[in-house]
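A.B. asks: Each chain, written out:
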Amino acid sequence: MYGLPMLQLRGMELLGRNTLAERRLIFPRLPRRTGVMRDGWGLLLLILPLILAVPPAWSDESQITGKSVCVFPLVNMSPGGGQTEHQASLSEAVEQEFGAVGFTLIPQAQWTGEAGRLKIPPLRVLEAQQALTLSRSASADMAVIGSYSMENDRILVSVQCYDVSAGTLITGFLHTMRFNLGFYNLLHREIADLVQKVIFVTAPKLIGIQAEVRVNEITFTCPQDGMEVVVEGQKSAGRIQGGSLVFDTGGVRAGTVLHIEKQQEGYHTVWQAIHAAPEVALLPIPKKDTWATEIDWTTGQLEGAGATMRWYPIPNWVMVGFSEYLFTQVPAVSGGSWPAHADSELLAGLYLFMPPESALRFGVSAGFGTYLTWVPATSLPIYTDVYINVLNIWAEYHIWDLTFLLRIQSKVALGLGRNVLGTNFISGGPLFVPITLGVVLPWR
Amino acid sequence: MAIRLFRVVVVSLAVLLLGSCNVLQYIFGSVFPSTMTLAKAQVDLSKLIPASNNGSTYLRLVETGGYGYVVVVSSPQQSTPSMFFYDLDLNPIKSFTGANAPASSGIMVDVNGQIMAGGTLRNPDLSIVPAGTTQPLNAVGSGVDGFVAGSINVANISNSSSSEILTWTTYTSGWANVSSLSGTLSTGASNLRINALFDDGNPAGNVIMVISQESSNGNNGNTVTGYFLKIPKSAFISAGAFPGPPPFDAPPPHRDNLDGNSFGYANGSIFAYDTKTSSYVRINPADASIQSSFSSASNNNQQPVFAYRLSGGSFYSFDTNTRILTKYTAWW
Chain X
1 MYGLPMLQLR GMELLGRNTL AERRLIFPRL PRRTGVMRDG WGLLLLILPL ILAVPPAWSD
61 ESQITGKSVC VFPLVNMSPG GGQTEHQASL SEAVEQEFGA VGFTLIPQAQ WTGEAGRLKI
121 PPLRVLEAQQ ALTLSRSASA DMAVIGSYSM ENDRILVSVQ CYDVSAGTLI TGFLHTMRFN
181 LGFYNLLHRE IADLVQKVIF VTAPKLIGIQ AEVRVNEITF TCPQDGMEVV VEGQKSAGRI
241 QGGSLVFDTG GVRAGTVLHI EKQQEGYHTV WQAIHAAPEV ALLPIPKKDT WATEIDWTTG
301 QLEGAGATMR WYPIPNWVMV GFSEYLFTQV PAVSGGSWPA HADSELLAGL YLFMPPESAL
361 RFGVSAGFGT YLTWVPATSL PIYTDVYINV LNIWAEYHIW DLTFLLRIQS KVALGLGRNV
421 LGTNFISGGP LFVPITLGVV LPWR
Chain B
445 MAIRLFRVVV VSLAVLLLGS CNVLQYIFGS VFPSTMTLAK AQVDLSKLIP ASNNGSTYLR
505 LVETGGYGYV VVVSSPQQST PSMFFYDLDL NPIKSFTGAN APASSGIMVD VNGQIMAGGT
565 LRNPDLSIVP AGTTQPLNAV GSGVDGFVAG SINVANISNS SSSEILTWTT YTSGWANVSS
625 LSGTLSTGAS NLRINALFDD GNPAGNVIMV ISQESSNGNN GNTVTGYFLK IPKSAFISAG
685 AFPGPPPFDA PPPHRDNLDG NSFGYANGSI FAYDTKTSSY VRINPADASI QSSFSSASNN
745 NQQPVFAYRL SGGSFYSFDT NTRILTKYTA WW
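Quick mapping for you: the protein sequence lines, in order, are chains X and B. So the first sequence is numbered by the numbering used here: it starts at 1 and just counts up by one. So the second sequence is numbered by the numbering used here: it starts at 445 and just counts up by one.
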């Protein structure tokens, strides 16, 4: 959910009945000095710009709202103690940049009293530990300290920003600049860069915000019109129409796992787990197939092709199939014969493990069949090779609206009647068993 | 250009590799034997010849006087011996049983172009020669049971596997007995077996004798190393003329992994079934090299014996297991 644009908050809102604790979770640390925040309408007014302005959820402004900072006056370190007249303007520049992006500036009065009580002289405020102590007493989130030193027309400025609660340095800078008419422009730019770094580093994790967002409506999208959507096996959300369905959740926390039952007459019922969000894509459900045609090619019989008619007594789980495979043998010598073979087979099988909606499925089948062999332009009789198909193991993979088939067969010729193959395992070559590749086309 | 050449080489190597691994054969081969594409006619003799009871069944092919016959000679131990005559398209012509086809009977075309079959001399149309000449012939495992050497009929050929002495009988053109002769087949090798004896069709020519040493090649009793001996027919006419034992310390042309019952002769070449490559092979008897082959893939689980037309064109098999006689077109 990182990077979810605020635009998607259309289906979310901060509920009026939310507790204060929830509100704080959603927008923690609202500016304390903003009295309007204690009012529900004020809260809404604060939120509305966020919603209507459609800034991304990760925008800087949304991250820094409510952060407070203690900006300590920059300490004058100039040789001989001169140049004190610049202290106020330099410190003000720092305050302006932090204040401009929404930081709450802690008034100096809130920490000077504590400094006096602790007997901390102004110069020692420059020390990080002292500044952090004072900032902590003023309940500030950050502390900014700094110093400057001027000599001739050059000025050295040093500014550091600390995380008060962590007691760690966030960032800072030390620059030597020429003190002329352009100095303050350069100084503001440096401080602005520092502020941006502070914002970036201290920005709260986005998930922390969105996890607490409620979803009032879920728009289910699915290309399968007419499919009924049942939420948690109890409440029907209705049927997909025009590729979508809006479901009123009554308010559910974003990300909540919901189990969706998808059903439609003539289709398999399928459950899908979703995470509550304004828009959820549902996968189509597979149709119940009663009949299907299989086109296939088998090694050892490649000079031809076969077709199987499948009937599913239990749609897409149990099947009975009758196949007819016609093939020939291309003579390797001139004057040779062109035997024609017809392989007729009756099979019963079932799918294993994977449900119909799975792309990859496995199954087994068994049956019996007969090869009829006719050799034109000879006086040879018609041969009959009856066989048992002891076990077929197959895999089907559904992709591009087609189901591809790979089947490994184990056939045993029985040597009955006038036959060619005798009593043997039927193979396409030494150490191999016949392998079938094909495509399954359901009747729809 | 170089890339194209490289691709051609790579593809060629891949095809060769696949071919050598029988992959292509597997992919494009048929579950049915490739010999199905050669089959032209078939006769089921299972109702005429009983299932094997340790007797012998031979397949012979005789052509004389414009007639050609495929002859199944059955000599079962506990049933009546029979000779079944078919024309070259396997249409039934005649069958002889009992006294007309005594056990171990052979068949050959004699000096006069008449057929000595089942001990009875017959004209090319199988009618009995009025003189009623009779002579028993011993059948040789494969090939011919007798042959014409000059103006002499040579028959009753047999080998004693214990002494390695080959014996035969010579007859005049009128089938009067001339003499019983013998020759030493080997002095250094033992357990020799005559797998086949082939007539090159020239009375002044040679016979090709295929012999093997039992258990000399692997553990399959039917798979042998075949030695090819070309012997002048004149050596069979006079006593002491037989060329003597082949030098087995410097073996005659030979080839491993051949089905001992599969030998045939046509177009000047030996034919056999190579059990290692599962293919029919045409062998040059002079050096035992392969001249051509025909893969039969999955087919060799039956027990066929073969006969080839001397002039080629077709060959025949009789499956001693299923008792089915089949005509095939030539593959070579």
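Mixed in with the good hints there might be a few duds.
To be verified - Far from chain X by the CB rule (all over 10 Å, computed), these chain B residues:
no., residue
1, S474
2, G557
3, Q558
4, A620
5, V622
6, P697
7, N701
8, A730
9, R767
10, W775
Claimed, not checked - Where chain B lies over chain X, by a calculated footprint (3+ residues, C-beta under 8 Å):
no., region
11, 294 to 306
12, 322 to 331
13, 377 to 391
14, 412 to 426
Read the hints as simulated data drawn from the structure, not as lab findings. It should be emphasised that the depicted structure is a prediction, and the values quoted were computed from it without experimental measurement. Every residue, glycine too, gets a C-beta built ideally from N, C-alpha and C.
A.B. asks: Evaluate each hint against the coordinates.
C.D. replies: Do the hints match the structure? See the list:
1. S474: Nearest chain X Cβ is 5 Å from S474 (chain B), so the label is violated.
2. G557: Holds, because the least Cβ-Cβ distance between G557 (chain B) and chain X comes to about 29 Å, which exceeds 10 Å.
3. Q558: holds (30 Å)
4. A620: holds (43 Å)
5. V622: holds (44 Å)
6. P697: P697 (chain B) clear of chain X: closest Cβ-Cβ about 27 Å, beyond 10 Å.
7. N701: N701 (chain B) is indeed farther than 10 Å from all Cβ atoms of chain X, at 15 Å.
8. A730: Holds, since 25 Å exceeds 10 Å.
9. R767: holds (12 Å)
10. W775: violated (5 Å)
11. 294 to 306: holds (count 5)
12. 322 to 331: holds (count 4)
13. 377 to 391: holds (count 4)
14. 412 to 426: This one holds; 6 residues, not fewer than the three required, reach chain B with a Cβ under 8 Å.
Checked against the numbered hints listed earlier, the structure breaks hints 1 and 10; every other hint is satisfied.
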